[in-house]
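J.: So the protein sequences, as listed, match chains S and P. Residue 344 in our numbering sits at position 344 of the first sequence, and the numbers go up by one each step. Our numbering runs 424 ahead of the 1-based position in the second sequence.
Hints listed in this document are in silico derivations from the structure and should not be mistaken for laboratory results. We put the beta carbon where it would ideally sit given N, CA and C, even for glycine. Treat the hints with care, as some may be off.
What the hints assert, rightly or not - Have a look at the derived ranges for each label pair, beta carbon to beta carbon:
#: 1; chain 1: P; residue 1: Ala668; chain 2: S; residue 2: Asp162; range: 36 to 44 Å
#: 2; chain 1: P; residue 1: Glu608; chain 2: S; residue 2: Thr167; range: 40 to 48 Å
#: 3; chain 1: P; residue 1: Gly597; chain 2: S; residue 2: Ser65; range: 35 to 43 Å
#: 4; chain 1: S; residue 1: Gly45; chain 2: P; residue 2: Glu443; range: 46 to 54 Å
#: 5; chain 1: P; residue 1: Asp437; chain 2: S; residue 2: Ser42; range: 41 to 49 Å
#: 6; chain 1: S; residue 1: Arg424; chain 2: P; residue 2: Pro449; range: 55 to 63 Å
#: 7; chain 1: S; residue 1: Glu33; chain 2: P; residue 2: Arg497; range: 29 to 37 Å
#: 8; chain 1: S; residue 1: Gly45; chain 2: P; residue 2: Gly646; range: 52 to 60 Å
#: 9; chain 1: S; residue 1: Asp68; chain 2: P; residue 2: Pro629; range: 48 to 56 Å
#: 10; chain 1: P; residue 1: Val442; chain 2: S; residue 2: Thr167; range: 52 to 60 Å
#: 11; chain 1: S; residue 1: Asp49; chain 2: P; residue 2: Ser923; range: 50 to 58 Å
#: 12; chain 1: S; residue 1: Asp387; chain 2: P; residue 2: Ala751; range: 22 to 30 Å
What the hints assert, rightly or not - Taking beta-carbon pairs under 10 Å as the criterion, some of the chain S residues facing chain P (in silico):
#: 13; residue: Phe22
#: 14; residue: Glu52
#: 15; residue: Tyr80
#: 16; residue: Asn156
#: 17; residue: Gly207
#: 18; residue: Ser230
#: 19; residue: Trp316
#: 20; residue: Leu319
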Amino acid sequence: MLDAVGAATVDDLFDIPSDVQFEGSFDIDARTERETRRLVRSILGRNDDQTELLGRGHYGYYIPSLVDHLADRSEFLTSYTQYQPEISQGFLQALFEYQSLLVELTGLEVANCSMYDAATALGEAATLADRVRDTTGHRVLVPDLLREERRSTLANYVAGTDLAVETYPVDDGNVDLAGLEAAVDEEVVMIYAENPTVRGTIEEHLGAVGDIADDTDALFALGSDPVALSLLERPADVGVDVVVGDASVLGLPTSYGMGLGLFATREDYLRQVPGRLVGASEDATDRRAFTLTLQTREQHIRRERATSNICTNQAWVALRTAMHAAVLGPSGMVDLAERDVRRARDLAERLDDIVGVSAPVHDRYHLREFVARVDQPARAVADDLEDLGFAVHVVGDHEIQVCVAGVSGDRLDRFAEALEEVAR
Amino acid sequence: MTDDPDAAQSRYDQARYVEDGEYEPLLSEKDQTRVEIGAASDAGDDDGTSPLPDDLTRDALELPELSEPEVARHYTRLSQMIYGIDSGPYPLGSCTMKYNPKFTEDVAALPSAAVHPDRSEGSVQGTLELLYRLQDYLARIGGMDAVTLQPPAGAAGEFVGIRVAAAYHEHNGEGHRDEVIVPESAHGTNFATAALGGYDVVSLPSDDEGRVDLDALEAALGEQTAALMLTNPNTLGLFERDIAEIAEMVHDVGGLLYYDGANLNALLGRARPGDMGFDVMHYNVHKTFATPHGGGGPGAGPVGVVEKLAPFLPAPRVREREGTSKADEPVYERFDPEHTIGKVHGFDGNWLVLVKAFAYIARLGDAGLSDASASAVLNANYLAEQIEYDVPYGPFHHEFVASAGEQDAADVAKRMLDYGVHPPTTKWPEIVPEALMTEPTEVESKDTLDRLAAAFNAVAAEDDDTLADAPERTTARRIDQTSAARTPRLSWQALEDES
Chain S
1 MLDAVGAATV DDLFDIPSDV QFEGSFDIDA RTERETRRLV RSILGRNDDQ TELLGRGHYG
61 YYIPSLVDHL ADRSEFLTSY TQYQPEISQG FLQALFEYQS LLVELTGLEV ANCSMYDAAT
121 ALGEAATLAD RVRDTTGHRV LVPDLLREER RSTLANYVAG TDLAVETYPV DDGNVDLAGL
181 EAAVDEEVVM IYAENPTVRG TIEEHLGAVG DIADDTDALF ALGSDPVALS LLERPADVGV
241 DVVVGDASVL GLPTSYGMGL GLFATREDYL RQVPGRLVGA SEDATDRRAF TLTLQTREQH
301 IRRERATSNI CTNQAWVALR TAMHAAVLGP SGMVDLAERD VRRARDLAER LDDIVGVSAP
361 VHDRYHLREF VARVDQPARA VADDLEDLGF AVHVVGDHEI QVCVAGVSGD RLDRFAEALE
421 EVAR
Chain P
425 MTDDPDAAQS RYDQARYVED GEYEPLLSEK DQTRVEIGAA SDAGDDDGTS PLPDDLTRDA
485 LELPELSEPE VARHYTRLSQ MIYGIDSGPY PLGSCTMKYN PKFTEDVAAL PSAAVHPDRS
545 EGSVQGTLEL LYRLQDYLAR IGGMDAVTLQ PPAGAAGEFV GIRVAAAYHE HNGEGHRDEV
605 IVPESAHGTN FATAALGGYD VVSLPSDDEG RVDLDALEAA LGEQTAALML TNPNTLGLFE
665 RDIAEIAEMV HDVGGLLYYD GANLNALLGR ARPGDMGFDV MHYNVHKTFA TPHGGGGPGA
725 GPVGVVEKLA PFLPAPRVRE REGTSKADEP VYERFDPEHT IGKVHGFDGN WLVLVKAFAY
785 IARLGDAGLS DASASAVLNA NYLAEQIEYD VPYGPFHHEF VASAGEQDAA DVAKRMLDYG
845 VHPPTTKWPE IVPEALMTEP TEVESKDTLD RLAAAFNAVA AEDDDTLADA PERTTARRID
905 QTSAARTPRL SWQALEDES
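In isolation and in its complexed conformation, chain P is listed as follows (with noise of 0.2 Å):
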């Protein structure tokens, strides 16, 4: 047992600031102050009273109020006890943790991006010629015909490709069709997009070797079979070998086949959801381009189909207008894709995010893409290859799945906080035993990837007691889960009706 993280190679102690016994005071601990509508607020009119009738308004806002420096400082507080990408190695499997390159978020704040969704398009060409550049890398990564950029996460893509699937085959009078088939280790995403979708959901068992089971697909597929979900690379890291089979079967029976875009990072520029036989996908541009996961979103999920699926595209997509003069610089316009779904966000997405994705793809380009997945792939193959734990089923590409066998996965991934470095994704997916699901991404040198190493191996030695007290360097201790769940306190109101 190994009682000083220093023994190991690094030691990490992360911020903790401490008043009166707690962390950091909430805001609404520093002040509450209660301002009364239509008497104490200075921006009366000239003879102080409200603009407004009493019948109309609130009758009054409590809320701290603070100034600036105290803001900066708690804030700064804040962001001291956060890990984030730029703090250490992230490798959450299926999240494709990548240092986001800090020249996007200066191309996103350029003045010129900000921009209001209903302006013309003749005042606008700038942003529709982004968006139109963007469909077009997209279209080309993924081998699809058509994109949309509406979808502002993977999951609401993932909606967008149920949609567009229901509709399709609406249109073709095959309405009755009411099943999703999707893996039994697919993202949980998949399972409620066809849910909310309104379609039954089919779980699909693995076969020995942790792919599509083609017999077991065969049993599941039929005249009700609206689409198959598959990633690819699956969750597992594997790729499904048997994808032109799979795509025949779900066509034969008149289904389409939906990607799940989540895993891209790991063919760019060496296989295409679309020369696969898959009909629609969606890519997690916050994963596979780059962009800030920024605490848990905003992402975008950007969603490309085959022609025969274009018409039914959410609206507006973007064009460059026919007619135009070969000398004159193109102009771009919106324009809705004949059966469209219609709208499934309220303007058109998280453009910032698709300012940033396309700058990604622009500065990598082609040789840029494709040594991105290659990296991605050897540095997972170097890793597993490091690590004690039983890496069970592969070859894999850019992520694996180890088992913590008789150790618990998630204090595995809590005593990993006390090295420094950000754990797997845990006790997923549930086919490997106390999973730890590790996705290193091409960012990690050498280096990075042996100090996880020593951290997983360190964590791999030690006793059962030594991992449940864990961790102890971070901000805070080992947090009471069912605490947090039995008696939910949501807000500091909460807190304060509680003391």
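Same shape as in the complex, but just chain S (with noise of 0.2 Å):
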């Protein structure tokens, strides 16, 4: 090959000044594959298997293992974006099917193929706010309650706009509605709430914030995710314009974090959706056949004025949620949802008879997961559960959170029995 190119060696190859070629060395050792596998092993081995009563926005439900095993087919796993969609059929009608998936759970006409998570998703969703407001404000408001790494990341996405992040009271883990009244004047361009709130209770108030946000033009962004959206309110039904959040809730396992960006809108707001879509379209024999449409809000095609600078998203993770709720079906995901009402409540009842611990602490209905009041200080108790093999959220001096998906009936009941051990 060398001959064929016309090089001595691979070296004059290169065209590199000297002055910056690198002679040294990266100090990394080769490794056989065993080898690199039982290093890998070695330090994740220094995790503690915990029982993990953890959400707050990252869940570990049960995955089916038909995912794992029709996800990693490499066809799904070693193609890129759809650019030639003639030979990528496959993939763009499986993002076609996730997008029809959202589109029935929020009942909004629109929904992309994917953004990062549901902190960027909601930083999408403010800029797009900032696209299609009629007015001239510049405020954008959101729980106070909201996770500080939601608000920060929507703070970077806004540093570019002239709009400013502010928060609204939250009463008894529900949208203080006066309080909100309060915060709102015509400066609004976007209210954020959240369906279940990230203390797991489910919001009561949802189509009063729709009517808020109509009074004042603000767009109403709703936080929410599969499992949460196959049983509570339907967003369209309550004024809600733009709904975001983590769709991976259905389709990976717990992941430190790593998520799927749900992002749906109406239809009014097509041409300023960030991200990518898939529409259907015909192939030359007529047939119905899938492609990446309205491309020229992208990156790639409109540069400076695109409506998002993604391009990498997080389709692979789409097509786990998708197979994930076919695997369920309908019946499956509302028992899902449900499962998670009652398996909270059946767990908060079930700990507010401890000594020391009172739980829920908001008067509402839960999904998944809810606050409990303990009497020890909170940090102490979670150190002591650690101990004991259970991970939990302290989430007040005196309040520790836990949550229900994917935790097994005997694990409660353990948990259950070593929270009585510690808690008094």
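Relying on the hints, combine the two individually framed chains into one complex.
T.: This is the structure we're talking about:
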């Protein structure tokens, strides 16, 4: 091959001035495949094996075996963006079906085929609001209990606009309507709420929030996920304009926060949607075929006037989510959500019987997680639980948060016993 | 003209399922079941009712209800209608479509990798150690002082770089800098990222040889310059020979130099952005470090910076705790950099992708990494030599941009599909007419490169009608893009409304 290119050595092919050539070494040893596997296993072996009762935006539902086996087929795993749709029909169709799943769940007409995660999708919702707003306002309102990580990500996304992120109060785990009304004026371009909230409460005032948003021509953005959306009020019915959130609640196991940004909105905003969209069309034989479409919104065509800078997205995770939903079917999805309500309720009742614990703290319905009050310092309770093999959130000086998603009944029993041991 | 692609040398027929005159039906065409909430579900309370009052629930959920075998067949069929790296060569320029070693999937699937991001530091030392080691690997490979692993993709990495630059200038009382300079031939994400960061984008023309035009750069630079974003080698595969001078020019006006890591594969072990004078860079681990592209993602876009920018990186990063005795295993902890820009992802980015990248680097080591760049550059040069299309710029490295000349590059690509290979990136960068941007990567053998060249050359010899009718052996024939955009049908619900 060197002869063919007329070079004596491979080094001759590099056109790098000597003053910037790297002569050193990275000091990284090569390993066999087996040694590398052993290395990673040994490093990760330092993670303690714990029963995680953790949620607050990242969940560990049981993932049916079918998802791993089919998503790992290498055609799915090793293809790239479908720039050549004629050889990519399978992935395009899977993404089209994912978009359709979200359309059914949200009641909104348009869903893109992924953002990175819930926090970045929220950021994209705000920049969408900035582009489509009727008013000259600059305020984005979020609940004061929003996860700091989401608020901070949102703040970075709007740093290049004149938008400012402000908070409105929360009352007993739900939107404080009076407080929200007091916070709203004509300068507000977007109101964000979550269902369920970060504390696991089911939001009871969505319709009223929608009305407040309507009154001020603000966009109503809702954070949710496919399990919650299977059961809870349909966003389109309560005036929601954009749904964001983590769709990988279905499809991905616990992955240290890796997610799948859900993004759905009204048809009115179609030309302002960020990210890739798969559409149906026809091929030369007039059969239905799928393709990436409306790409003039995107960075590779529109450059600095694109609706977002996103290129690589989370397509393979969207595939997994669609597969998980397909295996569950509508009855399985509704069952899963109803079980989340019932199991959280039952565990809260049980914990409430423990001396030194009262649960749930909020007098609301809950989905999969709730906050419990502990008489002992919450940090100490959590540390003691960790020693017994259970991980919980500390969300206040005397508040812990526990999540039932993906945790078997046996383990919940053992957790209740452990809490009984450490809480008094 | 070649009627029969067999005549070239290889025949390719992609799977094509047709039922009732259409390709594989949608899930919704197999079944639609409407589940009423509160009544029909099995999981009702003992009395069969919903655990929630009606006013907090939707009325019903209508989706396909299929058996597991039906779902398995559907997705198996769909997978057969996709071309991936494991199907054949994939020389998509700028995307670095390498083979993805299978063992990295196994290590990412280890049960010990499945931990929640809110776990206590003490209980996830393994995760923190892996992140720490990967930060360290990437810093060495890029010649950078500090690395964040949080950005979930290359464009997200660019955004971190731009936000870090903004925070740095702000911190120094130079918040007035409001321009980011981007070469005309740069990736679209560079322009979009600078705009998302609130900057005015100044587009920089190339010189006659396809590199940064130093006079134009001189004219563009000033006290309003926040940063210059550069890819090196650039999108034509050319090394920016004047990089040291470019760095000096940017630094002289107080600007920062940003390295777009999309083309780092060309330089592994031979040159480092840090040594070239770059202040901040992103790494595309799904390109350079072989994590699978997954039909468009997930990737990861870690960002490296020089010392003076480290205090502005996203939070948290991971470090070794001081004061741990030498005899003990090191203890790792999360920390927030002093002037951090905060978060750019809800948690810590695409963890599973980072595990795969770590395993790839640990497997290859120094020797493997520099072999990768050597083979990538040799392969690109060999392939360019074998094809009959003109390659106007050089000497190139890991990729080259050929010109389809009188042919339409998009049609060339469609016809290449019939020969069982993935075509190059087309019609970009625009500096080359009818561009065929080709990056074979280091993984292809000489035989495969020869087969790829034969496909290029077969198409080069064909007439416009043949090209316009292509492809014919793929699942779908040429797809009408105009119709898709003119009448958007973005869900099965939209298709049902239409019929």
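J.: If a hint holds in the structure, say so; if it does not, say that too.
T.: We went through each hint and held it up to the structure:
1. P:Ala668 / S:Asp162: 36 to 44 Å: holds, 39 Å
2. P:Glu608 / S:Thr167: 40 to 48 Å: holds, 43 Å
3. P:Gly597 / S:Ser65: 35 to 43 Å: Once the Cβ atoms are compared, 58 Å apart, the range 35 to 43 Å for Ser65 of chain S and Gly597 of chain P is violated.
4. S:Gly45 / P:Glu443: 46 to 54 Å: 49 Å Cβ-Cβ, so the 46 to 54 Å window holds.
5. P:Asp437 / S:Ser42: 41 to 49 Å: holds, 46 Å
6. S:Arg424 / P:Pro449: 55 to 63 Å: holds, 60 Å
7. S:Glu33 / P:Arg497: 29 to 37 Å: holds, 33 Å
8. S:Gly45 / P:Gly646: 52 to 60 Å: Once the Cβ atoms are compared, 54 Å apart, the range 52 to 60 Å for Gly646 of chain P and Gly45 of chain S holds.
9. S:Asp68 / P:Pro629: 48 to 56 Å: holds, 49 Å
10. P:Val442 / S:Thr167: 52 to 60 Å: Given a distance of about 55 Å, which is inside 52 to 60 Å, the answer is holds.
11. S:Asp49 / P:Ser923: 50 to 58 Å: Check passed, 53 Å falls within 50 to 58 Å.
12. S:Asp387 / P:Ala751: 22 to 30 Å: Given about 24 Å between the Cβ atoms, the range holds.
13. Phe22: holds, 5 Å
14. Glu52: holds, 5 Å
15. Tyr80: holds, 4 Å
16. Asn156: Cβ of Asn156 of chain S sits 6 Å from chain P, so the hint holds.
17. Gly207: holds, 9 Å
18. Ser230: Cβ of Ser230 of chain S sits 6 Å from chain P, so the hint holds.
19. Trp316: holds, 3 Å
20. Leu319: holds, 7 Å
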